[in-house]
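**Student:** Single-letter residue listing:
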Amino acid sequence: MTSQTVSGFDLLAADDVANAAVGDEIYSLAAEIFPICRSITGNGVRQTLDILRQHIDLEVHEVPTGTKVFDWTIPREWNIREAYIRAPSGERVVDFQRSSLHVLNYSKPVRARMPLQELKEHIYTLPEQPDAVPYRTAYGGDRWGFCMAHNQFLALEDGTYEVAIESSLEEGSLTYGEAFLRGATEDEVLLTTHICHPSLANDNCSGLALLTALIKRLAKQKTRYSYRFLFGPGSLGAISWLSRNRATASRVKHGIVLSCVGDGGGPTYKKSRIGDAFIDRAFTHVLKHASRKPNILDFIPYGYDERQFCSPGFNLPVGLFQRSQFGTFPEYHCSDDNLDFIKPEHLASSFEMVASVLSVIENEKRYVSNNPFCEPQLGRRGLYGSVGGEKSVADRNMARLWVMNLCDGSHSLLDIAERSGIPFSIIADVARELAEHDLLSEGSEMSR
Amino acid sequence: MTSQTVSGFDLLAADDVANAAVGDEIYSLAAEIFPICRSITGNGVRQTLDILRQHIDLEVHEVPTGTKVFDWTIPREWNIREAYIRAPSGERVVDFQRSSLHVLNYSKPVRARMPLQELKEHIYTLPEQPDAVPYRTAYGGDRWGFCMAHNQFLALEDGTYEVAIESSLEEGSLTYGEAFLRGATEDEVLLTTHICHPSLANDNCSGLALLTALIKRLAKQKTRYSYRFLFGPGSLGAISWLSRNRATASRVKHGIVLSCVGDGGGPTYKKSRIGDAFIDRAFTHVLKHASRKPNILDFIPYGYDERQFCSPGFNLPVGLFQRSQFGTFPEYHCSDDNLDFIKPEHLASSFEMVASVLSVIENEKRYVSNNPFCEPQLGRRGLYGSVGGEKSVADRNMARLWVMNLCDGSHSLLDIAERSGIPFSIIADVARELAEHDLLSEGSEMSR
Amino acid sequence: MTSQTVSGFDLLAADDVANAAVGDEIYSLAAEIFPICRSITGNGVRQTLDILRQHIDLEVHEVPTGTKVFDWTIPREWNIREAYIRAPSGERVVDFQRSSLHVLNYSKPVRARMPLQELKEHIYTLPEQPDAVPYRTAYGGDRWGFCMAHNQFLALEDGTYEVAIESSLEEGSLTYGEAFLRGATEDEVLLTTHICHPSLANDNCSGLALLTALIKRLAKQKTRYSYRFLFGPGSLGAISWLSRNRATASRVKHGIVLSCVGDGGGPTYKKSRIGDAFIDRAFTHVLKHASRKPNILDFIPYGYDERQFCSPGFNLPVGLFQRSQFGTFPEYHCSDDNLDFIKPEHLASSFEMVASVLSVIENEKRYVSNNPFCEPQLGRRGLYGSVGGEKSVADRNMARLWVMNLCDGSHSLLDIAERSGIPFSIIADVARELAEHDLLSEGSEMSR
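Chains as they are written, first to last, in the working numbering: chain G, 128 to 575; chain P, 128 to 575; chain L, 128 to 575.
Hints listed in this document are in silico derivations from the structure and should not be mistaken for laboratory results.
One thing to keep in mind: the hints can contain errors.
Label pairs and their computed distance ranges (CB to CB) [to be verified]:
1) L:D542 <-> G:S537: 24 to 30 angstroms
2) G:E313 <-> L:T375: 47 to 53 angstroms
3) P:S568 <-> G:K349: 46 to 52 angstroms
Covered, in the sense of this in silico footprint (three residues per stretch, anywhere, with C-beta under 8 angstroms from a C-beta of chain P), are these stretches of chain G [to be verified]:
4) 329-340
5) 366-375
Note that CB positions come from ideal geometry on N, CA and C, so glycine has one too.
The task is simple: from the sequences and hints, build the whole structure.
**Tutor:** The following block contains the structure:
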């Protein structure tokens, strides 16, 4: 084994060919599921999960309407088949077939003719972004409406319009998908993203596709941890899962909520409620060594499903990973969050960041020095590189000194990476190498 | 009760009419006591206390000359009736009746005629502020002197002057005032200001008048804590009180020394010796949310009477509240610290800051969530405001999420206010509201 | 005793006359040992120690070639008598007699004639500093070479050159010097500098000479601690000493590695691996009050012999003191690090910093207030200076207030100095003074 070889868990090194194309792979899948009209319930979620199941094993759960999940009740199921506005000219000026954003999510059915003036009360636009169609919801189910570009709205001619929304709100169920990969221990790593937004590429499709690519690769690996993946509608999906798995939720030792992972911003990590959980330290460390300056945020009880996992009764170590922070970019929650907004290269680098965090989680351990008195003579073991004098050689030399200095039984590899400022991957790699030369003994693996 | 109503202790909400005029009320009282010549002993202190007693119940204590108070001895009592300098022209160029600052405080009596040259050795001026009369003391009692504006001093014509100081330094006593309001517990909040400076409006009168207005209002309230107020001469007043109340001083759980509360600077808070006492956290929190950027200072053993309360044998949680920090403004300790320097609006805002801190002290408690698993459904309880979308609604929504997330038995309301960055008053208010909806149970009140 | 007198340990006050000249004294000794060709073994080290022994008691230790010292083995001993390059013109263009830097340290012997082209492969220069001769080593002993200025190298004429290096690499020993001054306790302060570089003034001679001057003065003092001084070759010297003194190394309670103490940069202090050891706090405190902004560095396992003392099996509280940090100044490791680069005034101020740190170590203790309730009346004891109003009087007054406020049994003098921001020397001095007035009782001396 050369010093560059990695014997520990490393998803990125596992299959170079597949990983080179991972950005394209994620992008393709995101594009495939993009047109589907998802909501917090309904067939759009099932259709999406069916596509993901072509790539990964996935169990689909149905939670019937009326089920109590903690303080909440599963609502009726919404489905939609058609929706359009026909202008006096006969033209369909808005058609749900062109974009699932055009209909107010959870609209009640309507079929009517009305003057423009009356229709206007049912139309939602974004005057400050006049060419974009907004994404709007009315989960109460007692309204109907359409969303369109403000410029199109302004150009509507007077006259009588025909509107049709063919939707239903009936007893049914809430649907979520779950994947599980058994590892060496029952301790779990949880990864989850929401599946409840219609045609929004970054704020939904990107996370679904990235996790699918991750599961495909992880399924081929031996891991210390078991891995659980959830694809559920925001809030109610997580609440349903927690309600059904209350007794075993504490197996989750590290968790990541993912969203908006396809744009070029950030990276952004919002810490768990615990604040210094291992996942918080691992993500902070990995992002600090990413090429872009990361945006590390303290926990607040507002955001995505980390709100539920971090509620005080669970208080799980679950953080939120995004590129641009949701709500802060103009493309958010409108038709500008489309397939042009996300890029294969950003999806690939988001994948790499998550995979690096999993490497930290899987490889974290303590070694104990067999040579604690003074420095060992690294040179005679070929462990003090002088060839070339490149930066990477100097880094590895320095990493060896740090590892030998701090492997005293009280410092883990992440502790050493944090104190030295050297990436975990290099620290873990030189530690393995030093252990092979009997300078270190493997200490306990660290499950927390 | 609407969500805006406050059922907890809130001095500011207690009597809107009176509070609207509190700045004028404090200013008037400060103006009334301004002319009196106070010193560390003497009738000026008694006269001042007599005026305060027209508004509040106050016990007046006399500590006889020669009494040992810890390492100190009460000095002889100084009184003054008259003091002037008569110029060769016959004019009284300096007259104690015009300003009590004109005489060196604790001057011995004199009645003499002397040439200007000799007189000059007894005259104190401020060359760098040539129109202001300085405030000077000579507590030893073995000197006499006058203070005047430097410009007036320069204009003195040659010739023989008549000087007269009719003062006495005799066996007597040191005087201090004490007010006590019994609350539900024996734990005490101590508020104190010095009463030993002659005609200085900010550095004395403002604090005396503000505390008087506070006592008037607090006396009408039911409180958890008992409240103790001291009006004593600087250093020796606090030392005397501590000497007489050594056994019970530890009842003081929170304390504030007040001074210079009438100018528009600061606000300034100097922490207790403990540094992270509850009073330190409460004051820092309240001032952080004040409109002006506060000046939060670490404890140093130099300043006002916090020096004595924070001596190591007592180490009481007592901080110092001021607007501009003493010694840092040019009006300090001279005739520019007059009734033009202090303003009703500054006195009112200082009052509001102190009252807000008392609200934090009185309302601090722990609640425990009755709904710790996932978020509660606030909407169906009418607790998730969407109307208007104003900032205050968004703040209250966010406050509810924080309270539900952190009421796990280990976070108090101030803990939540600090972590969320939301004012304590909003946090306490939404907590009461959530408790009324049975989402929280009241935990223990927190006396420390 | 006046308040300016110091009764505690103070090397700087001990002999004013000698200390005024300490910069010149250190410079002279550095200049005397400058020409000697030192290496990690050999007679250069012995010669240097012989000169130091003219000033101080020093035990010289020899560790035979082949001795195992932890993971290392003592190498063969290298000595050199002569080395030159004779040009075709007959001129000795390079001569070891002119500077010990001219020969590659640990060169094997050679005596040959060769064309310029072949010779060039054995010549080391610094193209980026073309007038300086680099310092180079080849400890393997299987190479020979010369170092010269790049400009001289470029000017070498073609032709046949004669080269001669008369060196030997044989069984022998590694040499180090050790001085010990017994104090009141067995607890030790360790001071050490390396003795393995040839003619480099700052990076070797300055430290050797400064420690010698320090030992001369310390030998005349009564001290609480015992003092140990090491003069050994870098790495192997410290490793040898630790190997031979493994059982008693834990007596070292505070340690300083010294190097590069003669230039005008820094001051630089690199903390021990412990990070907040007393030596780290003491050095940080002293340098913070030095005239130049100090460079305080966290521990890294790369540098001088602190690497060995701070290896995890020992983890001794040993920091590194330098003026400019090694490797960061252009004069480093070349002929520009000569007797013009170091200055008596810089050596004197480095001496003063080290002596001040020793004063903190020797004088650290806890006092307990005999007057914990309120402030004592300092004025009647003549302890509240008002004369002059100079800064130093104000500082001493403030220092007295701090000491009386914090001498509660839990704060040491350094704690008080750190919290107050007042130099330790003033804090310790007023504490002695207050103890003489029975306001403080001496608590325990603090050995850690």
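**Student:** Hint by hint, say whether it matches the structure.
**Tutor:** Hints and how they fare:
1. L:D542 <-> G:S537: 24 to 30 angstroms: Holds, at about 26 angstroms.
2. G:E313 <-> L:T375: 47 to 53 angstroms: holds, 50 angstroms
3. P:S568 <-> G:K349: 46 to 52 angstroms: holds, 47 angstroms
4. 329-340: Check failed, 0 qualifying residues.
5. 366-375: Since 4 is at least three, the answer is holds.
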